[in-house]
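As they're listed, the protein sequences go chains E and D.
When we follow the working numbering, the leftmost residue of the first sequence carries the number 1, and every step to the right adds one.
When we follow the working numbering, the leftmost residue of the second sequence carries the number 1, and every step to the right adds one.
It should be emphasised that the hints constitute simulated quantities derived from the structure, not laboratory data.
Remember, predicted model here, so these are calculated numbers, not experimental data.
There is no bait here: all hints are sound.
Some residues of chain D that are not near chain E, with every Cβ distance over 10 angstroms (derived):
1. Thr-13
2. Gly-30
3. Ser-68
4. Gly-78
5. Asp-94
No more than 25 angstroms apart at the CA atoms, straight line, and that leaves these computed lysine-lysine pairs for PhoX-like:
6. Lys-66(E) - Lys-5(E)
7. Lys-46(D) - Lys-73(E)
8. Lys-59(E) - Lys-46(D)
9. Lys-73(E) - Lys-59(E)
To give an idea of the interface, some chain D residues facing chain E are shown, with a C-beta separation under 8 angstroms as derived from the structure:
10. Tyr-35
11. Arg-51
12. Pro-56
13. Ala-90
14. Leu-96
15. Ala-98
16. Val-100
17. Gly-103
Beta carbons: idealized from backbone N, C-alpha and C, even for Gly.
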Amino acid sequence: QITLKESGPTLVKPTQTLTLTCTFSGFSLTTTGVGVGWIRQPPGKALEWLALIYWDDDKRYSPSLKTRLTITKDTSKNQVVLTMTNMDPVDTATYYCAHNYEVLGFDYWGQGTLVTVSS
Amino acid sequence: QSVLTQPPSASGTPGQRVTISCSGSSSNIGSNYAYWYQQLPGTAPKLLIFRGNQRPSGVPDRFSGSKSGTSASLAISGLRSEDEADYYCAAWDDSLSAWVFGGGTKLTVL
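So here's chain E without its partners, still in its complex pose (with noise of 0.2 angstroms):
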């Protein structure tokens, strides 16, 4: 049975760096096609891709926040960190870790985190 769940700072303030992490068991990491992706979706707005890892560590961004992205993968604790440079209000949003696997796209999904960016 495969789970993601989402762990990270509920505030942030602008200019800080959002760390979260996505801890997730029932595959591994190590297996080819494997990928971890983070999603977001700010309140009442849409779906928003961000970045995927995959099983070989190749590293996809979305080209409008690449600048400000960076992902990692622990396969010893089963875990991918996603961390987010100078955040802003705009970034306030549910922030989701999804399971990737070939041609089934993002199949299992966390729960989602929220971040809220205030001073």
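Got chain E sorted already, so can you dock chain D onto it with the hints?
Frame of chain E, contents of chain D only:
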């Protein structure tokens, strides 16, 4: 402004068939699979359709996906009150080297 274009809303009565469209381009839906997600109020998105027209285990066959050129569609037949949710399409975009989502469609069951 989303890369994939969906109608903001759709509606139908119980038992009806409803279709939600997702318009893209040659670099996303035109050359890659479309995916559909259902998001019930206050919950995480759930994969509804993958690889354009495949349903994960547990998704009723009332839900079906199709594609024509650079557009994809989600059809829901035998509409039920529990289908009231937001629906999102997604695809990989070769030009952007990024996953792209539609703006979402809020389905109301009248």
